[in-house]
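Q: For this one, chain A is given, so just place chain B on it according to the hints.
There are 2 protein chains.
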Amino acid sequence: MVNALFLPSMRFSFWSVGKNHEAYVKAGVEEFTYRISKYYKVDWTIIPQPKNAGMMSEMDLKKKEGETILQWLEKDDYLVALDERGKQLSSEGLASFIQARANESTKRIVFLIGGAFGIDDAVIKRANFKWSLSQLVFPHQLVRLILSEQVYRACTILKNEKYHHK
Amino acid sequence: MVNALFLPSMRFSFWSVGKNHEAYVKAGVEEFTYRISKYYKVDWTIIPQPKNAGMMSEMDLKKKEGETILQWLEKDDYLVALDERGKQLSSEGLASFIQARANESTKRIVFLIGGAFGIDDAVIKRANFKWSLSQLVFPHQLVRLILSEQVYRACTILKNEKYHHK
Numbered sequence: 001m002v003n004a005l006f007l008p009s010m011r012f013s014f015w016s017v018g019k020n021h022e023a024y025v026k027a028g029v030e031e032f033t034y035r036i037s038k039y040y041k042v043d044w045t046i047i048p049q050p051k052n053a054g055m056m057s058e059m060d061l062k063k064k065e066g067e068t069i070l071q072w073l074e075k076d077d078y079l080v081a082l083d084e085r086g087k088q089l090s091s092e093g094l095a096s097f098i099q100a101r102a103n104e105s106t107k108r109i110v111f112l113i114g115g116a117f118g119i120d121d122a123v124i125k126r127a128n129f130k131w132s133l134s135q136l137v138f139p140h141q142l143v144r145l146i147l148s149e150q151v152y153r154a155c156t157i158l159k160n161e162k163y164h165h166k
Numbered sequence: 001m002v003n004a005l006f007l008p009s010m011r012f013s014f015w016s017v018g019k020n021h022e023a024y025v026k027a028g029v030e031e032f033t034y035r036i037s038k039y040y041k042v043d044w045t046i047i048p049q050p051k052n053a054g055m056m057s058e059m060d061l062k063k064k065e066g067e068t069i070l071q072w073l074e075k076d077d078y079l080v081a082l083d084e085r086g087k088q089l090s091s092e093g094l095a096s097f098i099q100a101r102a103n104e105s106t107k108r109i110v111f112l113i114g115g116a117f118g119i120d121d122a123v124i125k126r127a128n129f130k131w132s133l134s135q136l137v138f139p140h141q142l143v144r145l146i147l148s149e150q151v152y153r154a155c156t157i158l159k160n161e162k163y164h165h166k
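Order-wise, the sequence lines are chains A and B. To convert, note that position 119 of the first sequence is 119 in the working numbering; the numbers rise steadily by one, no gaps. To convert, note that position 59 of the second sequence is 59 in the working numbering; the numbers rise steadily by one, no gaps.
Derived by calculation from the structure, the hints in this document are not laboratory data. What you were told as hints is all true, and nothing was included just to trick you.
Repeated chains share a single entry, so a pair holds when one copy, or any two copies, can fit it.
Straight line, CA to CA, 27 angstroms or less: simulated DSS-like cross-link-like pairs of lysine-lysine:
| no. | residue 1 | residue 2 |
| --- | --- | --- |
| 1 | K162 | K63 |
| 2 | K51 | K162 |
| 3 | K19 | K162 |
| 4 | K26 | K38 |
| 5 | K64 | K162 |
| 6 | K162 | K26 |
| 7 | K63 | K19 |
| 8 | K87 | K130 |
| 9 | K38 | K107 |
| 10 | K63 | K125 |
| 11 | K162 | K38 |
| 12 | K51 | K125 |
| 13 | K41 | K130 |
Here chain A stands alone, though its shape is the one from the complex (with noise of 0.2 angstroms):
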């Protein structure tokens, strides 16, 4: 990458359990994480459910999404869990954050999007932060474009651009 060199050497890492991104948030998730990629490196995973998946219980799913999860993980990760048992931030408190993890020299931040029954307790455990993103519950491909929209915004707040008004 011809710029690499002037961005911040922290990373944004987005990973999702599931499948790939849905047509109706696509486009979205695209172009909002294409506009983070001029502020921070950034990248999405899509952790595919294990190939049983639909003759596994709940709970096994999720403990088997957590074991691949807590194997992907490096140890120096920061990690962000989306849970709605979290704590939420407002835009502003999201650009705050990120900005303390850089300061702190964070090397990757993982956004954490769980699988349709949330996220194993191992992980949950091993979470830096768990972060709640409304007391609505959304559908998890949403969650992707929210997400990538509201880290955007973050950098947009970070650098004093006019995208994000209250």
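A: Just chain B now, with coordinates in the frame of chain A:
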């Protein structure tokens, strides 16, 4: 509409100030609105900005938009203004809220998404309920998608259907 006789008499009207649905939300808004139409009568109205909007101050623009909205409202419309200073609801809370309106024979719930600078105070005063989706600020286009998905979700909760699980 063939099955109109079987629909409850309450209607949902989604009003949004600004432009037509942007490509990145259009498919989702249309899909969820179509799904809602199996439970309630539903329509979208895009309230255009005044022609000389670019020349107007933020305050004048809000006021002008507000006048249009107040003119368009029927006396017995139940107006829900989406406003970040409002009260948050859970998805189940929204379902109960809709049920409560149906129980009191509300003819129409108007869900209003304001323009880029929010909703004029005169309209906020007219609102029967001020609803905040989240502490986060979302773009107005994305709010259309979140709103239609949540109202659809509420319909499925009221019918005890399996779309929603926690």
